[in-house]
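Can you make the complete structure from the sequences, with help from the hints?
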Amino acid sequence: MGNAERFLAKGFDFGDWRVDPGSNSLYRDGQRRQLEPRAMEVLALLCLHAGEVLSADVILDACWAGVPTGDNPLHKILTQLRQALGDSATAPRYIETIRKRGYRAIAEVRVEPRPQHWMGAPFRGLDAFGPDDAAIFHGRRQATEQLVQVTRQQIEAGCALVAVLGPSGSGKSSLVQAGLIARLRAAPPPEHPPTQLAELRLAQTLVLDCADLGSASLFDALGSVLLDAELDGNTLFANDSAAGLGARLRDDLAGVAAQLQARLPGIGLCLFVDHLEAVFRHAHVGEWERAAFIGALEALARCGRVLVVLACRNDFYPELMTSAPLCALKARGGHFDLAPPGPAEIAQIIRLPAQAAGLRFETDAASGARLDDVLCSDAAGSGDLLPLLEYCLHELYRRRDADGMLTFAVYRELGGIEGAIGARAEQVVGALGPAEAAALPRVLAQLVSIADNQLAVTARAAPWSTLRPGAEQALVQALVDARLFVTDLAAGTATYGIAHEALLRRWPRALDWIERHRQALQELTRTGAQAARWHAAGRPADLLLPPGLQARQAATLLESPEFTLPALERDFILASLGRAAVASACACWSAVCCCCWRCWRSGSALPRRGRANAPSATAPRRKD
1 MGNAERFLAK GFDFGDWRVD PGSNSLYRDG QRRQLEPRAM EVLALLCLHA
51 GEVLSADVIL DACWAGVPTG DNPLHKILTQ LRQALGDSAT APRYIETIRK
101 RGYRAIAEVR VEPRPQHWMG APFRGLDAFG PDDAAIFHGR RQATEQLVQV
151 TRQQIEAGCA LVAVLGPSGS GKSSLVQAGL IARLRAAPPP EHPPTQLAEL
201 RLAQTLVLDC ADLGSASLFD ALGSVLLDAE LDGNTLFAND SAAGLGARLR
251 DDLAGVAAQL QARLPGIGLC LFVDHLEAVF RHAHVGEWER AAFIGALEAL
301 ARCGRVLVVL ACRNDFYPEL MTSAPLCALK ARGGHFDLAP PGPAEIAQII
351 RLPAQAAGLR FETDAASGAR LDDVLCSDAA GSGDLLPLLE YCLHELYRRR
401 DADGMLTFAV YRELGGIEGA IGARAEQVVG ALGPAEAAAL PRVLAQLVSI
451 ADNQLAVTAR AAPWSTLRPG AEQALVQALV DARLFVTDLA AGTATYGIAH
501 EALLRRWPRA LDWIERHRQA LQELTRTGAQ AARWHAAGRP ADLLLPPGLQ
551 ARQAATLLES PEFTLPALER DFILASLGRA AVASACACWS AVCCCCWRCW
601 RSGSALPRRG RANAPSATAP RRKD
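In terms of full-length UniProt numbering, the sequence shown opens at residue 1 and continues consecutively.
Hints were generated in silico from the structure; no laboratory data involved.
Even glycine gets a Cβ: it sits at the ideal position worked out from N, Cα and C.
Per label pair, the in silico range of CB-to-CB distance: (1) E426 / Q519: 17 to 27 Å; (2) A474 / K330: 41 to 51 Å; (3) R412 / V67: 47 to 57 Å; (4) A238 / Y27: 52 to 62 Å; (5) T90 / D403: 26 to 36 Å; (6) V53 / R516: 52 to 62 Å.
Have a look at this one:
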């Protein structure tokens, strides 16, 4: 039975609608929409060729065969279809008009009914989608296919390295994990030709999150991640420690590559390096280490056994272009720029996961508007689209009614998409005591970074040990429980951090604190970089802060109750202040000595001048 016959015999899914050609009906969430037979023929034809542009002539020949007519009946049919589907010609989610070319179905089409078996939350809040979430990862099919194509090109070119670029909150991590990696882990469709990529089977994916680097070096962090590489249950680096493997990656990269080539039959390992921008802002990472690290990633990608995927914020693009391997990657077409989702993709992000979990959206009794339609409309104007939308959807799910209905009352209480994150954070802090609320500034000081020469605010992880017992730990734990903060284990150290940077942009309390302390945060970042250089060079005196303005500005960080500095930065500032004090004392003592010397010179000169001015005993006296 061909595709056309299966469409007519069994029906199909079109976006979040179930289409039954036998009864000329559309079904969704208990609703039924009746179509004319000719409208169903047009819809079935478009869906049979989903994604393809069909001209008016092709549609007329197929659905009005032998009937003399112009294109006006087709226009009327498409208007009826859009009304039935709840679609719009100007912001299409189901059927798109291509000017002077024709029409195409843009929503997802499935011949078999979508199974209603997803258990648990179908929305991820501020967490990224992982490879196991592919069944509820929607709205990025085209981007996934494009990224797969870029990956294929890079593998065939001999360097399995790809960089995914996009704004913060654009969904880079989710696209890589639930899109690309999930696709490469799955068996290819039978109709795919046996290309190198189709034969690729990722046995394991390892993730290095550079935002959670902490105080570890880049190579120690990379070694710690690769230490988990295994094949058929056997670790590939059984005789190495994390530090030892990191040293080998730095000093004997060819040996590590040879070991991978000997143990792996092909590209079976994916190394996903997330938040690459962090390597350009970590204070303790120097230029040499950063360049060597990126060079090591390129070398791993060239060994023929590892697929390396990088994700980086595109506002750090100038920093990326300072790296020769990343410049060469761009020249080879290995940079993938992730565009924001369009209206049809937003609709899929909202509706299809809810459908998979058996959820329903409420219809407003007064206006007749459906909540999913309102969400689609509101999401179109949001700057931090995906994290805000996903968090709002997760909160709607968390507070659904007993029948699995996502309601307008909860949506309004959240403050819509824009207000959901900030409202939830404020709710969590407001439920705590005054001591916990008062601890927030010091916690934010550990997690917010602003580069000295940039305006962009970025988040970083901090060791759990920096939290004082009591109010600070209770505050962070409450935010972790609310999924606004996250905890992790980085290089054997327990850390905590912000779940997504969107929280820093959409929580008024945090935003206000950052703006009031922007200069201090920049000073903290600058001092951290200077302290790292001082320590790496053996703590020489000539790399301390010079006496004067810089030393005084750094001293304010020691005096501020909201900033608790790491030991290295404290040592650096105290040593700088000590040298400044010694220099000041020496200058003062020098001034005193100089003054005394001048006084002595002045005092000793007076008798000489007196004697010089007194009349000599042998001098002739003038007679009057």
